[in-house]
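Visitor: Could you put the whole structure together from the sequences, leaning on the hints where they help?
So the protein sequences, as listed, match chains A and B.
With my numbering applied, the first sequence corresponds to residues 12 to 752, in that order.
With my numbering applied, the second sequence corresponds to residues 2 to 164, in that order.
Where hints are given, some of them may not hold.
Claimed, not checked - Calculated cross-link-like contacts (lysine-lysine; reagent style DSS-like; alpha-carbon spacing at most 25 Å):
1) B/69 with B/116
2) B/116 with A/630
3) A/630 with B/147
4) A/208 with A/230
5) A/256 with B/81
What the hints assert, rightly or not - Each pair of labels, with its calculated beta carbon distance range:
6) A/670 with B/9: 43 to 51 Å
7) B/4 with A/462: 30 to 38 Å
8) A/184 with B/81: 47 to 55 Å
9) A/627 with B/124: 21 to 29 Å
10) A/66 with B/81: 34 to 42 Å
11) A/352 with B/124: 54 to 62 Å
12) A/240 with B/122: 25 to 33 Å
13) A/290 with B/81: 46 to 54 Å
14) B/82 with A/628: 41 to 49 Å
15) B/82 with A/196: 45 to 53 Å
16) A/744 with B/122: 22 to 30 Å
17) A/184 with B/9: 53 to 61 Å
Since the hints were derived computationally from the structure, they do not count as laboratory data.
Each residue gets a CB set at the ideal place from its N, CA and C atoms; glycine is no exception.
Listed here are the chains, written in short residue letters.
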Amino acid sequence: MNKWTRRAFITTGVAAGGVVVFGVAIRRGDRSGKVRELVAGDGDELFDVWLKIGPDNTITAIIPHADMGQGVHTSLAMMLADELDADWSQVRFEEAPAHKEFANYALAREYSMPGADFPAWLIDSVDGLFFRATQRMGLQITGGSTSVRTTGQIAMRVTGAATRTVLLQAAADEWQVPVSELSTQGGMIYHEASDRKASYAHFAPAAADLSMPDKPILKASDDFAIMGTSLARFDVPQKVNGSAKFGIDAKLPGMKYATVMAAPVFGGNVVSVDESSIQDMPGIRKVVNLDTAVAVVADGYWQARQALLSLAVEFSDGGNSGADQEQIFRRFGDDLDAAASAGDERKDRKSGNALAALDAADRIVEAEYRVPYLAHAAMEPMNCTAWIHDDQCELWLGTQNPLGFAQQVAKAIGMSQSQVILHNQYLGGGFGRRAFDDFAVQSARIAAEVPYPVKLVWSREEDMRHDHYRQASISRFKGGLDGSGNAVAWHNHYVNKHDPIEAPHIPYGIAAQRIVFTDSETHVPWGFWRSVDHSLHAFFTESFIDELAIAAGRDPYQYRRELLADSPRFRAVLDLAAERAGWGDELPDNVGRGIALHKSFGTIVAQVADVEITNGKPKARRIVCAVDPGYAIHPDNLAAQMESGIAYGLTAALYGDISISGGAVEQSNFHDYRMLRMNEAPAVETYIINGGGPLGGGGEPGTPPIAPAFTNAIFDATGIRIRELPVSQHELRLKDVEDVA
Amino acid sequence: MITLSINGESHAIDVDPSTPLLWVIRDYVGLTGTKFGCGVAQCGACTVHLNGKPIRSCVVPAVAAAGKQIITIEGVNGGKQGLHPVQQAWIDEQVPQCGYCQSGQVMAAAALLDKIPSPTDHDIDLAMSGIVCRCGTYPRIRKGIKRAAAVINALEPLETSNE
Numbered sequence: 012m013n014k015w016t017r018r019a020f021i022t023t024g025v026a027a028g029g030v031v032v033f034g035v036a037i038r039r040g041d042r043s044g045k046v047r048e049l050v051a052g053d054g055d056e057l058f059d060v061w062l063k064i065g066p067d068n069t070i071t072a073i074i075p076h077a078d079m080g081q082g083v084h085t086s087l088a089m090m091l092a093d094e095l096d097a098d099w100s101q102v103r104f105e106e107a108p109a110h111k112e113f114a115n116y117a118l119a120r121e122y123s124m125p126g127a128d129f130p131a132w133l134i135d136s137v138d139g140l141f142f143r144a145t146q147r148m149g150l151q152i153t154g155g156s157t158s159v160r161t162t163g164q165i166a167m168r169v170t171g172a173a174t175r176t177v178l179l180q181a182a183a184d185e186w187q188v189p190v191s192e193l194s195t196q197g198g199m200i201y202h203e204a205s206d207r208k209a210s211y212a213h214f215a216p217a218a219a220d221l222s223m224p225d226k227p228i229l230k231a232s233d234d235f236a237i238m239g240t241s242l243a244r245f246d247v248p249q250k251v252n253g254s255a256k257f258g259i260d261a262k263l264p265g266m267k268y269a270t271v272m273a274a275p276v277f278g279g280n281v282v283s284v285d286e287s288s289i290q291d292m293p294g295i296r297k298v299v300n301l302d303t304a305v306a307v308v309a310d311g312y313w314q315a316r317q318a319l320l321s322l323a324v325e326f327s328d329g330g331n332s333g334a335d336q337e338q339i340f341r342r343f344g345d346d347l348d349a350a351a352s353a354g355d356e357r358k359d360r361k362s363g364n365a366l367a368a369l370d371a372a373d374r375i376v377e378a379e380y381r382v383p384y385l386a387h388a389a390m391e392p393m394n395c396t397a398w399i400h401d402d403q404c405e406l407w408l409g410t411q412n413p414l415g416f417a418q419q420v421a422k423a424i425g426m427s428q429s430q431v432i433l434h435n436q437y438l439g440g441g442f443g444r445r446a447f448d449d450f451a452v453q454s455a456r457i458a459a460e461v462p463y464p465v466k467l468v469w470s471r472e473e474d475m476r477h478d479h480y481r482q483a484s485i486s487r488f489k490g491g492l493d494g495s496g497n498a499v500a501w502h503n504h505y506v507n508k509h510d511p512i513e514a515p516h517i518p519y520g521i522a523a524q525r526i527v528f529t530d531s532e533t534h535v536p537w538g539f540w541r542s543v544d545h546s547l548h549a550f551f552t553e554s555f556i557d558e559l560a561i562a563a564g565r566d567p568y569q570y571r572r573e574l575l576a577d578s579p580r581f582r583a584v585l586d587l588a589a590e591r592a593g594w595g596d597e598l599p600d601n602v603g604r605g606i607a608l609h610k611s612f613g614t615i616v617a618q619v620a621d622v623e624i625t626n627g628k629p630k631a632r633r634i635v636c637a638v639d640p641g642y643a644i645h646p647d648n649l650a651a652q653m654e655s656g657i658a659y660g661l662t663a664a665l666y667g668d669i670s671i672s673g674g675a676v677e678q679s680n681f682h683d684y685r686m687l688r689m690n691e692a693p694a695v696e697t698y699i700i701n702g703g704g705p706l707g708g709g710g711e712p713g714t715p716p717i718a719p720a721f722t723n724a725i726f727d728a729t730g731i732r733i734r735e736l737p738v739s740q741h742e743l744r745l746k747d748v749e750d751v752a
Numbered sequence: 002m003i004t005l006s007i008n009g010e011s012h013a014i015d016v017d018p019s020t021p022l023l024w025v026i027r028d029y030v031g032l033t034g035t036k037f038g039c040g041v042a043q044c045g046a047c048t049v050h051l052n053g054k055p056i057r058s059c060v061v062p063a064v065a066a067a068g069k070q071i072i073t074i075e076g077v078n079g080g081k082q083g084l085h086p087v088q089q090a091w092i093d094e095q096v097p098q099c100g101y102c103q104s105g106q107v108m109a110a111a112a113l114l115d116k117i118p119s120p121t122d123h124d125i126d127l128a129m130s131g132i133v134c135r136c137g138t139y140p141r142i143r144k145g146i147k148r149a150a151a152v153i154n155a156l157e158p159l160e161t162s163n164e
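Guide: As structure tokens, this is what we get:
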């Protein structure tokens, strides 16, 4: 189902300076089924990927993804270069412009989240997984840990291999020898029999006239020369000397600075603004009412910020000022109760008859977990520079969704999308936040009021209070054990499903499972947050399986292991983490050890956390992380992403808590929305299994298992089961101390 | 009008002297390597050296820096060709991810090594815990500092003998 056949063809052109450009256009061969209406009326798509070969044999990969720290420019260029047999020292990259020729964004608006478009390249995939992904992601979206496994696999490698094929054909034609006698290495083509060699650049113009093969043969992993190595990243040198340009670093002639304050209660609006309240302040250029927010434009950010703080402005509350955090959780609980008693929970996954299995079980274990809202808190506060001139709107910013942003900006200022030119810069952290275009739309609307470029910079307080938040949630479990303590039933009912749909699913071979959910949405804006629903469900499910193991009187690692008899890849990852961590070794009295296993975005991750409890405070000392992404294109980069995902998830587990009071977010800055710091950061050891099969993602899968590994370790040390995050709100005492008392 | 010495260059700037140094460096002098993260000295992205000491430029009024030597990430290598050993170590250990906090990290690490050429883990915790990295590059920062320390300690006798 939803299978697409691929027909690729080359499009070429000789650009200025003799640069030859190759690309693979991907066309749907199958117009049946659900997607038919999406493509009706459209011809062949233009595509996502280009490859340029310069006269000096420079190979440039043009990459439709933003770098937000995940090193994707390097990893994707490696995939292309390897299939091409390029000389890595000659490989460069360019980020694709947000331009209509890199996407067919007329497609499938109705399937997109607001502001996003349908990613043409994602459709052409080996299974329906990517099709589902397309429902929420636009072309050039950087998110869902998709860059390597979709753009890389489908586009970069194919482009590299297909281009190599036509280069070889061009050489065979010129030298009048069979292709089979030719070989390629380091950007050169060799004919050993006649001792001839020449560069790709030499053959590129002739190759450009040939048609690209439909299905070029891709290398087997044993033949990889570049993939699977840890090459130095392109972006690192600029990031150590201050020269890397982030959105906030845009500089334009005559540029002014703006900052905004939105109605503190979500859903509220600006009721009145008294500009006279700041008329005597220096450097003020303009006050702009943006309906839901008010902006001050000034000669410098500081002047704008000071003026905004002094500005007399009144906001409405959208009828939401009664909402507070306890009331929200109470409502979640009530909605779960109501749905359970009415039997109208929504079905998520069902196998066997869990209700009957629970009835028949020897013992039932029950638990309720909850997690709070979370902010992204990217280090670079939201910002966008906009300049409306010559009938166009230029934007400088960091975005995970350039085309979606351009579309929404165009709509907001009454332009067509082709009039919006977006210059994507480095992202000072994305984590999902920079897929939401609110700040870009604000900057364009401000720019529409003035004749000069305006750099809009949000304060940290604005960034914290007007994020799109990971949802708060409650999840209830019932587990049934037989007389030997084996798990025979798994029942899970939770509030507020977003995606990916498989996030609450478990890898364990429990025959009877019933996983259901109930919607109980609030007025708090929702957003993709690194690993999305996996961030909560891994905590829920991996804590509860631990509870079942403890209830059964069994070792939590062995208990999981036995339930993975039919899932050898999961078991191998779990075993590796346990083995490298020294599972079962004696630990000091004040140290606990916990384990967790979770698959997300196609990648299986197991983590073992060693947590020391000192004066009631937990500190993660060491995390052992085993990961199977299918194949690690750039092992060091994958390890870096595991380290990063662990720090991000551990921060949330320890401290992350966005709470609502009077309808608004209570937290405002890093003093009350705390971050993990150097003195709290664990040592992280990452071990990689190249397990084969489809490639998994890298940016997100490190995050989900860390919270339960951490809290399971706390249980091991203290006997206290953390069922509500963050951990910092719990009082911890060592088990032995408790026993003595 | 206020006069600031930044990376050895004198800048006369027409700005309210109470403006935080961060915004003077970024918006008026135009050096954007120093980053805005929180505005309240909680994250350290804005760390620069003031007479050799690491400070949070988002809370230091520009006037307080007048007459002192300000060094930013753009000048941390002493205006020489090539990189400061901390910058080189950051490349060798592939420390940065998004990179936004790294100017602050490099400045804090350089100041630490100036003061303590062979820092212990505890020294590193004390010196670096004020600089938040949301990408969690802390383990690599720690390795990078130790690598840079080794390089600096190996070089120093040579530099001394050349004088």
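Visitor: Is it true that residue 352 of chain A and residue 124 of chain B lie within 54 to 62 Å of each other by Cβ?
Guide: holds (60 Å)
Visitor: For the pair supplied as a hint, residue 630 of chain A and residue 147 of chain B, confirm whether the alpha-carbon distance does not exceed 25 Å.
Guide: Given that 25 Å is the threshold and the Cα spacing comes to 23 Å, the pair holds.
Visitor: At the C-beta level, are residue 184 of chain A and residue 9 of chain B separated by a distance inside 53 to 61 Å?
Guide: holds (60 Å)
Visitor: Starting from the hint 47 to 55 Å, judge whether the C-beta atoms of residue 184 of chain A and residue 81 of chain B obey it.
Guide: holds (53 Å)
Visitor: Between residue 627 of chain A and residue 124 of chain B, does the beta-carbon spacing fit 21 to 29 Å?
Guide: For residue 627 of chain A and residue 124 of chain B the Cβ distance comes to about 26 Å; the hint holds.
Visitor: When you take the CB atoms of residue 4 of chain B and residue 462 of chain A, is the distance between them in 30 to 38 Å?
Guide: Since residue 4 of chain B and residue 462 of chain A have Cβ atoms about 32 Å apart, the given range 30 to 38 Å holds.
Visitor: Keeping to a limit of 25 Å between CA atoms, is the pair of residue 256 of chain A and residue 81 of chain B held or broken?
Guide: holds (22 Å)
Visitor: Would the pair residue 69 of chain B and residue 116 of chain B pass a check requiring their Cα atoms to be no farther apart than 25 Å?
Guide: holds (19 Å)
Visitor: Starting from the range 45 to 53 Å, see whether the pair residue 82 of chain B and residue 196 of chain A falls in it by beta-carbon distance.
Guide: Cβ of residue 82 of chain B to Cβ of residue 196 of chain A: about 35 Å, so the range 45 to 53 Å is violated.
Visitor: For the pair residue 66 of chain A and residue 81 of chain B, does the Cβ-Cβ distance stay inside 34 to 42 Å?
Guide: Given about 35 Å between the Cβ atoms, the range holds.
Visitor: Starting from residue 116 of chain B, check that the Cα of residue 630 of chain A is at most 25 Å away, please.
Guide: Violated, at roughly 28 Å.
Visitor: So does residue 240 of chain A sit 25 to 33 Å from residue 122 of chain B, Cβ to Cβ?
Guide: Given range 25 to 33 Å: holds, Cβ gap about 31 Å.
Figure legend: structure checked against the earlier numbered hints; hints not met, in rising order: 2, 15.
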